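Visitor: So the sequence lines, in the order shown, correspond to chains E and V.
Quick note on numbering: the first sequence equals residues 1 to 113 in the numbering used here.
Quick note on numbering: the second sequence equals residues 1001 to 1113 in the numbering used here.
Just so you know, the hints here were simulated from the structure itself, not pulled from any lab data.
All of these numbers come straight from a predicted model, not from anything done at the bench.
On the chain V side, residues computed to face chain E include the following (Cβ under 8 Å): (1) G1040; (2) L1041; (3) G1042; (4) L1043; (5) Y1048; (6) M1050; (7) A1098; (8) P1099; (9) L1102.
Quick list of in silico lysine to any residue cross-link-like pairs, SDA-like style, CA-CA up to 20 Å: (10) E:K58 to V:E1101; (11) E:K49 to V:P1099; (12) V:K1057 to E:P95; (13) E:K100 to V:L1041; (14) E:K69 to V:P1099; (15) V:K1065 to V:S1080.
On the chain E side, residues computed to face chain V include the following (Cβ under 8 Å): (16) F51; (17) F90; (18) Y101; (19) F103; (20) G104; (21) T105.
No residue lacks a Cβ here, since even glycine has one placed at the ideal position from N, Cα and C.
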Amino acid sequence: AQSVSQHNHHVILSEAASLELGCNYSYGGTVNLFWYVQYPGQHLQLLLKYFSGDPLVKGIKGFEAEFIKSKFSFNLRKPSVQWSDTAEYFCAVNPSGTYKYIFGTGTRLKVLA
Amino acid sequence: EAQVTQNPRYLITVTGKKLTVTCSQNMNHEYMSWYRQDPGLGLRQIYYSMNVEVTDKGDVPEGYKVSRKEKRNFPLILESPSPNQTSLYFCASRSGRAPGELFFGEGSRLTVL
Chain E
1 AQSVSQHNHH
11 VILSEAASLE
21 LGCNYSYGGT
31 VNLFWYVQYP
41 GQHLQLLLKY
51 FSGDPLVKGI
61 KGFEAEFIKS
71 KFSFNLRKPS
81 VQWSDTAEYF
91 CAVNPSGTYK
101 YIFGTGTRLK
111 VLA
Chain V
1001 EAQVTQNPRY
1011 LITVTGKKLT
1021 VTCSQNMNHE
1031 YMSWYRQDPG
1041 LGLRQIYYSM
1051 NVEVTDKGDV
1061 PEGYKVSRKE
1071 KRNFPLILES
1081 PSPNQTSLYF
1091 CASRSGRAPG
1101 ELFFGEGSRL
1111 TVL
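Generate the whole structure from the sequences, applying the supplied hints.
Guide: This is how it looks when you write it as structure tokens:
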């Protein structure tokens, strides 16, 4: 079955620390990839997306992600986190040509001021 | 402003009392879907609709119904709510043109006593 794994469920960092959140998926075909962020009490907002082309994609607020096809991974990175990055982060996979979106279980990030 | 609007945002009800959560989008999107978000389980798709009068089951459709009589609206119906349907519900929409990202509503927190 298709699935998305986010191995880090809870991450605590100090401000200015670097961030990397893992995302691995199981699907053999072509995929579209997304990272969404959910700030406390709010809805999911798109951070960045990958459809094709350069596997290193840049999103809003200084986030970036790298698609490594051989590893079925789409890890999210940020060089220096801020307190305002405290949120829950979801990785999602959309097999190309389908309307199916499979979400990971999320990673709760807490950034200490 | 482009948005997905859900109502109600918060609801407490009792077992067996039928309720409807409305969802409306103003982006002329063909695709709409419903998710529920539960701690540790991420987002799971309940139902989706590819266009007017076209709906299909997601991963957790039991206990829910939907209809898509107009392009902009996609209500979620709980005919006889039970406590295990206590959850945070999100409606999302997307353009029919692929690939594309999902746009989410603000969420509806439902408690069934």
